[in-house]
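Novice: Sequence:
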Amino acid sequence: MNIESIDPFLRDVRDAALASLDVSEATAESLDFERPPEPEMGDRGLPCFQLAPVLKDSPPSIAEDLAEAMREVLADRDEILVSSVDAQGPYVNITFEPGRLADIVVTQALTADGFGSGSVVDPQEWMVEFSAPNTNKPQHLGHVRNDLIGESVSTIAEFGGHTVHRVNLINDRGIHICKSMVAYRKDGDGETPESTGTKGDHFVGDYYVRFNDLLTEEYEAWQQTDDAQQEFDAWLDEERRAGRLPDDLGEQRPQLREAFFEGFRDEYFNTYSDLGDEAREMLRRWEAGDDDVRRLWRTMNDWVLEGFDETYERLGVEFEKVYFESDTYEIGRRVVEEGLDQGIFEKTADGAVRFDLERVDMEGHKILLRSDGTTVYMTQDLGTALERFEEYELDRLIYVTGDEQDYHFQVLFEILGELYPELDGKLRHLSYGMVDLPEGKMKSREGTVVDADDLMDEMAKLAEDAIRERYDDLDAAEIDRRSERIGLAALKYYMLDFNPRTNVKFDPKKSIDFQGRTGPYCLYGYARVQSIGRRLGGWPDIGGDRRTDALQALGTDREMEVVRHLSDWPGRIREAVDELDPSEVTGYLFELVKSFSSLYNDPDHRIVDLEGPRRDGLILLSRAVADTIELGLDLIGIDTLEEM
RNA sequence: GAUCCCGUAGCUCAGUUGGAUAGAGCGAUGGAUUCCUAAUCCAUAGGUCCCAGGUUCGAAUCCUGGCGGGAUCGCCA
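Just so you know, we're using our numbering here: the first sequence kicks off at 1 and counts up by one.
Don't read these hints as lab results, they were simulated from the structure. Treat each hint with caution, since some may be false.
Stated by the list, open to error - Pair ranges (Cβ atoms, derived):
hint: 1; residue 1: Val322; residue 2: Gln405; range: 16 to 24 Å
hint: 2; residue 1: His408; residue 2: Asp473; range: 52 to 60 Å
hint: 3; residue 1: Gln342; residue 2: Gln124; range: 27 to 35 Å
hint: 4; residue 1: Asp361; residue 2: Arg77; range: 47 to 55 Å
hint: 5; residue 1: His408; residue 2: Ala19; range: 46 to 54 Å
hint: 6; residue 1: Gly114; residue 2: Val360; range: 39 to 47 Å
Built from N, CA and C at the ideal position, the CB exists for glycine as well.
With the hints as constraints, model all of the structure from the sequences given.
Specialist: Written out as C-alpha cells, the structure reads:
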C-alpha cells in the first residue's frame, strides 16, 4: 500500500459494498469520498444523499447499512489501514489506523526519489513561453510575476513528470526600441553602460524615458500652434454635432482643452511630431537593413540583453531557447499563404489579408497582413506556433501572459484551429491578472513603476536588517547569502501565493511581510527542523524493523495532523500541474509548515527529550517534513537555509 | 454597446468539478520564552459570501436578471 493506492482501495471497497446493497455500478462510482471537516470524524467521508431516491430510504439509515456492508467487505481484505467505518448522520466515515498511515506516508516520503514526483497520469511534452519582454526598458513588477509564474509552472510540470521546454520571445524590434535609439543619437554622447556604471537595460530604458520627455516638450510647444487649435476646434465641432457638448463651453473650456490634448498625444505622435518622424524613419531604415541603424540597434539591444540576463539569473529563471522577434516577425507569411490557398483567409480590395472571425462565431475581422504587405504580431504568433509544433513533438504549448491579451490568444487559437485541426486542445493561454499598486496601475510617466532589480535589492535589504537584529557575530558573506535567499523567498512566495487569475494589489510601502504566511516562514520552519538534526548530532539512520516500530508509535493529534498533510502532497502536485497553478504549492507548504510548527512548539513533542520508538518516529517524521519542504520550495524557486 | 475576468472578515486573499459548523495571513485584543531558533506558538473578537429570483435533499459554488470594479474589442504589441 502506498499513498496513491489508498483511494482506489477505498473506492473498491465502496463498490463492493454498494453491489451487495443492489446499487448499480454507475451510481456507486458517482459517489465521491471527501475529507470530513474535523479530523475526529475520520479520514474520509462518503455522503449518502444521492442514494436516498435509489434505495428509497433516508440518508442516515442508508449510511448505517452501507457502513455495515463496508465493514463486511473489509473483513475479507488483507489490509489493516482502515480501523473503523461508522455512520455519522448521512455520512459514512472511515478512520485510518494512525500508526499504519504514518508508516505508509513517512516511509514513502523518505524513500521515494523526489516524494510526489512523477505523479501525473499521462506524461507529455510541453513548451512554455513566458517573460517575452520588450528591449526598450528594464523589467518591472509585472514582468516579475510573469517570470515567476512561467518558471514555476514549468518546474512543477517537470516534477509531475512532463518534459518541458522553456522558451522566451524577446521583442527586440519595432517603434519602441527606435525611440530609445533616437534619443541616444541625440543625447548619448558616446556614453555606454560601462562608462556610466549603469546596468544595460536601465541605461537603454533611461533613453526611452528621455525620448518621451523630449516628445512631451515638443508636444507642449505644438499645442500653441494654429494646427493644434484647428484640431481642437474640429473635435469640439464633432462633439457638439453628436450632442455631447453644449455650444457655450463657459469655464469648462480650459479643462476640455487639456483633456483633449491628453488624449490626442498618440495621434500627434503619428501625424505632426518631428520626433515621431525620426523614430519612424529609424524603423524604416532598420527594416531596409541600413548598416548604421542596424549597428546601433545591435549595440543597444545587447546592452539590454546583458541587463536582462542578470535579472533572470538573480530571479532563477532560465530558458532552453530564446526567440527574437527580429528573426521571427516575418515567419508567419507562409501561414498566410496556406490560409489563402485553403480559402480560410481573404484578400481585401486594398491588398490586406484578413481572417473573418464569423467563421469561429466571433465578430469582426483580424488583419494578418497589412495592405502595405507588412506583418502584424498575430502573423508572427501563427508562424512561430506552427514552427514549434514542427520542431518538437509537443502535446501542449502554453503562453504565459497578462490577461489583457486574452482576446489576442483566443483569436490566435481559433485561427490555428481552423488551419490545423490537429492542434485542437494543445494550445493553452495561462493568463494572469495585472499587478496594480494601491493607487491603481503602474504608470511610467508618473514614475510609479516598481523596478524588478530595485525590488530585489529592497527585499534583500529588509532581510539583512532582520538578520542583523538577531545576530551580531555573522560575517558579511554569510549575511549576504542569507539576506539574498530570504529576500527572494519573500518576493517569490508572495507573488506566487495568488491564484494566477487574481489581480494582485502590491503595496511597495508595506512591502512584503516576513511574518505569517510567507516565504521566510517556510524557510524558518525548515531551519527549525534542521536544528533538531544538529541537536541530535546528525540525523540517525533508522531502518528496517526499527523504522516500522517507530512509525507505528506515532499517533497523537499533532503528529497525525502532520502525517495527513504529508499524505496530501502527491495529490496537490497533480492539482498544481493540472491547473497550472503554483499557489497550490505555496498554500500546501504553509499548511505543512504550520502543522509542524504546532508540533514543534508543543512541550509533549520535544524530540530531544523523548526516548524509544516514539522519539525515532518523530525523528523520521521531522526528516520527511524537511525533505518535503525543501522539494516544495524548490518548485517555486526558493533555496533553503540550514540556519536563519 | 459587446465580450471576458472579478465581487467572500477592517485589509490582502483561499474556498467556485454543489455536501457536514465558510477559512488563512495581516491588523486588533489577551497569553506563552530556565525548554529542539519567539522570523514561532496558543486563544479571543470580526461575515446580509454584492443584490434579487431560480434549479437542488443541499448553493459562496450552477442558471437568469440587476449593481459595482477591472480588462479587451486597431492594417498596435
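Novice: What are the numbers of the hints that this structure violates, sorted from low to high?
Specialist: Going through the list in order, the structure violates no hint and respects every one.
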